[in-house]
Amino acid sequence: MNKTYSNKTSGKKIFRTIVCIFLCFLALFPFYILIVNATLRHADIASGIKLIPGKYFFTNFQSLFDPKKRIVSTFTLFEAFRNSIIITVPTTILQIYFGSLTAYALTVYRFKGRDLAWGFIYAIMMIPTQVSIVGLIKVCKITNMYGTFWPLIFPAIAAPTTVYFMKQYMESGLSLEIIEAARIDGCSEFGIFNIIALPLLKPAMATQAIFAFVASWNNLYNPTMLLGSHTELSTLPMYAQAIRNNDKRQDYGQVYTALLCAILPIIIAYLFLSKYIVAGVALGGVKE
Amino acid sequence: MSKNKKKTVEYGKYGLFFIIPFFIAFIVFQFYPLIYTIFKSFLYDSKAGRHAAVTTTFGLGNYINYVFGEAGNGELWQALAITVVLWLLNFIPQILLSLLLAAWFTDAQYKLKGTGVYKVIMYMPNIITAATIAVLFYNFFNVNGMITKTLIDAGIVSKDGLIDKGWWSLLIIAFIQFWMWYGNTMIVLIAGIMGINPSLYEAAMVDGATSRQQFFKITLPLLRPILQYTMVTSAIGGLQMFDIPQLFNKGIPLIQIGDSTVKSTTTVVMLIKQYASLGSTTENLGRASAYSVILFLVTLCVSMIFYKMTAEKN
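Chains as they are written, first to last, in the numbering used here: chain A, 16 to 303; chain B, 11 to 324.
Treat each hint with caution, since some may be false.
To be verified - Here are the simulated distance ranges between beta carbons:
| no. | chain 1 | residue 1 | chain 2 | residue 2 | range |
| --- | --- | --- | --- | --- | --- |
| 1 | B | D163 | A | T158 | 53 to 59 Å |
| 2 | B | G126 | A | V104 | 46 to 52 Å |
| 3 | A | I210 | B | K227 | 49 to 55 Å |
| 4 | B | V153 | A | S25 | 30 to 36 Å |
| 5 | A | A284 | B | L106 | 28 to 34 Å |
| 6 | B | T320 | A | F40 | 34 to 40 Å |
| 7 | A | S244 | B | N83 | 44 to 50 Å |
| 8 | B | L106 | A | I108 | 55 to 61 Å |
| 9 | A | T158 | B | A118 | 54 to 60 Å |
| 10 | B | L106 | A | L131 | 38 to 44 Å |
| 11 | A | K70 | B | I34 | 54 to 60 Å |
| 12 | B | A118 | A | S244 | 57 to 63 Å |
Think of the hints as simulated: they come from the structure by calculation, not from any bench.
Glycine included, every Cβ here is placed at the ideal spot set by N, Cα and C.
Isolated chain B (complex conformation) (with noise of 0.2 Å):
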């Protein structure tokens, strides 16, 4: 034993070689890209007039102006409320269901047949190119899609359809969400489920506890861990969300919220490329910046409370 382990203290460089492509591609892009953004966010280009040469200020110009200024019209604050809504509204029903569901598939008392197929048919939708979907429930629902046609046909819907209408694009968009992602969830929450310790399950039988009271007292507290995996991972992805807003509407609806008019579907990652998209009449690197910065420290938050929730269960 006390040899062996010498050994590998002898070979320990090699293990320092084989790290070094990830780290070089690591710092190549993603650490210098992250730095480089955070710093990018204090260069502030100003334009004096309509043809003067743009100025470049090191400061906090851009948050000035656009991120906590009139410059920017509180966009990215109404872009991360979007973003935070059309997350909720599609992960508080996906996490229901596929609770629901991985209660069923894995509940002994009654034995479900044809589990693994429903599995792999409620998974699909994840697996398959978002924009694709998206440009295809855009062909399903806009004013002249089959669907709204129908819809209209029925009486159900007014002539001018659902997709331009805020609220319900943006409820649209969160379904095809929850849609393509229950499936996901699920067999993570199955995969959970049947790692608890099954004498568990036999103890409260041998008791006479119900299936329900077996779901509540015994699965539910022991998937905490899991849940909490899953709530954050799917908020950090949800934050990210771009390609079904995107390529759904373009985040052009508008819904009334109090005095102000705000875009039901721009996500914060929508707003960053419009103005990262080199050579587009939008493009403002410094704004584009300062966005992915707010967006960068809201995940970090995310991520922090997760660590800090299963520390404290250690």
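Only chain A is shown next, with the shape it has when bound in the complex (with noise of 0.2 Å):
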């Protein structure tokens, strides 16, 4: 009796092991195609799948700059990769600190309509930015604002998810009583934001800053749509599409390493930061 049910629950762990490791694999195997690919030359990509890494990686990296080689001739890898960053480091800093600042004076302060901003807010995270494309075409021309990085940076001053999560936890993580200890010792409302409360949000702000930042390196759409004919301002998402509108030029070994240095980054943030991020993923599904 105890026999066999101990075979069948070894028998059941063996199977779902085995599932769960063929998933890891299904996960990660596009991954290791990318990283052999990257290392052989075209000829060798275009006969067929290759498991075992070859040696020419800086051959094709150095065709990436060579302005006789190169697949996207219109700007580099390296441009578009110190674009990303201009962008996405602002737009980070930006929708922290203000989701944090929002979030505090709904949370610390009580004042007229504040109960309505907070719904207000609830209300707008669903609505995706996507359908008023056009609209947000027309402010950039307005303010002068078209092909330029403002656009893509200063939107994320209005992130209702920051808001909603940084409030979430300054309701169970921010004592009001260190705020009132601050006041006695006469310090300005806007200090004690600043100085007192906003060292004790590290955690919950170093979760959203993850998500911030991947959200705006990753995005294709709204750069491809207000940066314009600047070519010189492309993202690394840009880059990756203009590696694709530029296919007929055929070098493989090429396409495959500029693939894998475009997430090289975020694979290697991800190594470090994994534990956080699915910590942060499931915060975000327990927040009904």
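Fit the two chains together into the complex; they arrive one by one in their own frames, and the hints show the way.
Below, the structure written as structure tokens:
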């Protein structure tokens, strides 16, 4: 009796483990192929799936920047990388700072219209920004921001999901006594937020910063629509797009090397931050 | 306590100051654009002849001609149908697999080892730039791509490959979406299951309930709000699908449904992009706006259903 039970248990466990390992394999395999292909020549890749890395990575990498060989001629991978950083870093900072400030105002202070403002922010969380792209282009035209980085950065000041998460965190993790004590010490209200409250919010801010960063870094739609014909302003996802649009000029080694270089920063960051990211995703679901 | 309350009232005006930046940015970058898009959808640009000047009239022109009329050729509704099909094809297997894995990972009876590592690996595709993933899969699956090549050599697929075939390209895109998102959904569901009161399971164990019974009698009913939340966020995200189909095959392949030929992978946002791109030959902001308004209304309906569902529960 006992023996059959444990046999059944281990059988089930083995089956589940096999399924999980298969799924992990499925998740990693395309990236493995990507890495292998980045080290091979065009002819090797074109002949079918290869599983063993070659030694042409640096050759491929050089052709990425070689004016005669490169697939994307209007801008370089380096420029795309630089542009993505110029956009993403301030976007992340603005989103976290103003998201926290707004959430702080709604948690700590009592004022007329507070509940209305909060209800409003909650309600607009689900509205996608893609549907108002024509109007956003119009705003950029009026304000002369079309073809600049600004319309990709400034909208981050109003990120309802960040406000939502920061408020959730503050309700349990921010003690009003500390704020009261700082007031008695003569600290200004804005100073209290910057000097006292912000450091207490670090864990929540870190999680939110990762997601804000990734969302901005991976965004293809808005830069495509708002940067106009300024190819020198293109971002990394637009680099992938440019590779796709120039597929007539065949050099698979270079294509895969470019794609690998484009995703490498995110993969490396994920290796270090995966614990926090997985925890952050879990937090997203239990918000109801 | 009452003193405390008085203090917060006194300082209340700072709260108002602090939310001003959010609302200014919201009005400039979200509210005004939305209102303008709605307004623009009522401005119809008509061109009488080849060299005639464009005349703009206020009215339902864009809706009459493009959304419901001949000039639009039903492309919006086809794109909407395709978007929904793409979403269903990835969401149904995604939610089923995620539920199964979440049940396994939280099963106290058969404790699985290494769940932390599985979670990290299965989630990984979700964080990587969708644009690069689409181009990567394009390079796997295009006619000269290595996977296609291998399948052709093995005699599984005919020489013209898969990517230009309507149904195949639809399925591959749905698979990429599924592959990118099931890890995310799984983690959300695991968190949901972990939030269920453990004493319920303990009581069930005492009563001799099997893992399967526990799953269907306790986990599934109590997980309902989170399942609803997952479904709605996924549906809203799915309606805006753009990166993967755009870069995988640009929405070109066709399928025959009844009498009409449908672009099998053109989503609504791809259509909007086509007409909203300034300086392109297809530029028609009125048309793009009308399509945006319809997409907005559909999205709004989906969120309304969700708010109603959660409100009923409360």
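Checklist entry - Out of the numbered hints, which ones does the structure contradict? => result 2, 4, 7 and 8
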